[in-house]
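Asker: Following the hints, position chain W against chain A.
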Amino acid sequence: MNSRKTMALLLLAVIPAGFAAVWCMQRGIDGQLAEMHQEQDELVLRSGKTLRLLSLEYGAFLADVYWTRTVQYYGDRHARKVANLDTLGPLLDVTTTLDPQLLPAYRFGAIFLAEKAPQGAGRPDLAVELIQKGIRNNPDFWRFYYDLGFIYYWELKDYKKASEAFLEGSKNPKALIWMKVLAAKIAAEGRSRETSRILWREIYESTQDKLIRENALRNLKLLRAEEDCDYLDTLVGRYEKSAHRRPERIEELVSAGILPGVPVDPEGFPYVIGADGKTHVHPKSPLLGYPKGPPPPR
Amino acid sequence: MKRAGIVAWNTFREAVRDRVLYNLVFFALLMIAAALLVGQISIGIEEIVIVTLGLSAISLIGILMAVFIGVGLVSKEMEKRTLYALLAKPVRRWEFLLGKFAGLFLTLAVNTAAMAAGLAGAMWLVQGSLKAEDAAVLVAVYFILLKLAIVVSLALLFSCFTTPLLSTLFTAGLYVAGVFAPEIRAIGKVTGNAALDAVAMVFSYLLPNFDNFNVIAAAAHRRAIPGMLVAQNTLYAAVYCAIALAGATMIFSRRNLK
Numbered sequence: 001m002n003s004r005k006t007m008a009l010l011l012l013a014v015i016p017a018g019f020a021a022v023w024c025m026q027r028g029i030d031g032q033l034a035e036m037h038q039e040q041d042e043l044v045l046r047s048g049k050t051l052r053l054l055s056l057e058y059g060a061f062l063a064d065v066y067w068t069r070t071v072q073y074y075g076d077r078h079a080r081k082v083a084n085l086d087t088l089g090p091l092l093d094v095t096t097t098l099d100p101q102l103l104p105a106y107r108f109g110a111i112f113l114a115e116k117a118p119q120g121a122g123r124p125d126l127a128v129e130l131i132q133k134g135i136r137n138n139p140d141f142w143r144f145y146y147d148l149g150f151i152y153y154w155e156l157k158d159y160k161k162a163s164e165a166f167l168e169g170s171k172n173p174k175a176l177i178w179m180k181v182l183a184a185k186i187a188a189e190g191r192s193r194e195t196s197r198i199l200w201r202e203i204y205e206s207t208q209d210k211l212i213r214e215n216a217l218r219n220l221k222l223l224r225a226e227e228d229c230d231y232l233d234t235l236v237g238r239y240e241k242s243a244h245r246r247p248e249r250i251e252e253l254v255s256a257g258i259l260p261g262v263p264v265d266p267e268g269f270p271y272v273i274g275a276d277g278k279t280h281v282h283p284k285s286p287l288l289g290y291p292k293g294p295p296p297p298r
Numbered sequence: 001m002k003r004a005g006i007v008a009w010n011t012f013r014e015a016v017r018d019r020v021l022y023n024l025v026f027f028a029l030l031m032i033a034a035a036l037l038v039g040q041i042s043i044g045i046e047e048i049v050i051v052t053l054g055l056s057a058i059s060l061i062g063i064l065m066a067v068f069i070g071v072g073l074v075s076k077e078m079e080k081r082t083l084y085a086l087l088a089k090p091v092r093r094w095e096f097l098l099g100k101f102a103g104l105f106l107t108l109a110v111n112t113a114a115m116a117a118g119l120a121g122a123m124w125l126v127q128g129s130l131k132a133e134d135a136a137v138l139v140a141v142y143f144i145l146l147k148l149a150i151v152v153s154l155a156l157l158f159s160c161f162t163t164p165l166l167s168t169l170f171t172a173g174l175y176v177a178g179v180f181a182p183e184i185r186a187i188g189k190v191t192g193n194a195a196l197d198a199v200a201m202v203f204s205y206l207l208p209n210f211d212n213f214n215v216i217a218a219a220a221h222r223r224a225i226p227g228m229l230v231a232q233n234t235l236y237a238a239v240y241c242a243i244a245l246a247g248a249t250m251i252f253s254r255r256n257l258k
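Top to bottom, those sequences are chains A and W. For the first sequence, our numbering gives the first residue as 1, with consecutive numbering after it. For the second sequence, our numbering gives the first residue as 1, with consecutive numbering after it.
Hints are computed from structural coordinates only; laboratory data are not their basis. Each statement offered as a hint is correct.
Capping the alpha-carbon separation at 27 Å, the derived lysine-lysine pairs in BS3-like fashion look like this: (1) A:K133 - W:K189; (2) A:K157 - A:K278; (3) A:K49 - A:K133; (4) W:K131 - A:K174; (5) A:K133 - A:K157; (6) A:K133 - A:K210; (7) A:K157 - A:K180; (8) W:K189 - A:K49; (9) A:K221 - A:K185.
Chain A on its own, in the form it takes in the complex:
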């Protein structure tokens, strides 16, 4: 009887109370750790070759684990707007050494590396190296040449190399016809909004991933905003001719009857006139990488 009472006491009181105490203590510990939050993103083993040996036959699975870790690392930093992405390059190198055929690691990894802060690591040079590694390991995958051409065009503004990359990719019989078109267009015109729009639209349509599509959409909207700014600059010029002075605010163009209302960018933020006299996207607009929030009152 006594032993049954003891068992009942343990089961119904002591163990649940113990877990409740552990729960409370853990929340306290979590609070303490959050206050002394330290970046613990050290990559202890940076050699992909060493890890490949240590993984015995399970290199492919370890590659998936490292890729997931890379995605989580980037996502966490992106969400916290932390600019330091130093571990991103080594993580991608390890992932692609463990599994040289893991195509998403090259493609998405290059985007994460090439994009300027705070969107990415701001290292287009590393992105180029990663894609070139992908080409060496997967010579039949023509889309890598697209990715390479895109980085040269958009981030490095090296239009000659961009055109060469698109041309090289177009030689693959599986490549789509616009690779050749892009090669010719970039060789002839260098940077153009139309080409940029084609490139970003292709990225948007070729992936189902939410993060990548959002980034592509943001850049398409930015292109639209650039067009708007060019148009508004011509109107600023018109105001200058009639008023014999530069406007300091967009509202002055509205008062002069040149504009019916204050124009807004695709995120709803009003355009502003900068100190240089040119129209710019609002400094707090999400198009420039800031968190989405309500536009300022007009």
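Answerer: Below, chain W without anything else, positioned relative to chain A:
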């Protein structure tokens, strides 16, 4: 041969009775969790990770079973004293060994087939259908089975002359060394030492080369596996098992069982 078959069937029944196939439940849960979770925390690898995780789990669980059950095949019979009754039946010693090998191999084959079915289910869940190129995954599973056959034969060999603990260490050690066989072969070339190159070369060919059977990455990326490789690996596994079982028979037939 009939006596070997009876020993084999009883070995299989004993393994099942030991609830050794309960790991299938764990495997099924793992596959379901992976299928649901991976898409939420990673990008672009849902179909790939199901296959790499599934095949890695099949391989690892199979190796653990092959080693830990295999090293006890002979020693357990000796401890329980059932070996003497068996050999007095009469069951020849080589029939006993062959039966034990076949019984554990049958257990592993059933286990592997069940896990492969679970993996196919998870792939169907993620992809929506199974395609012709998914046959590469079946070939990978077959290669895992061949690898397990070699591990079982090695475990049986060591269990004929040493304790279960040492058998485990020897078998696991040989497995790890076999995975590194290509690297061992390359040692001599890296150091430039001709004598070391020759020794490393011979040693790497004597070791069971488990790297031959590693096509997990190829299967995950749905790359076709050549039929010739399938035939060569089958022959390699059969010959290596025959060598290990022949060695086991030689040792066991001379062993004083008192």
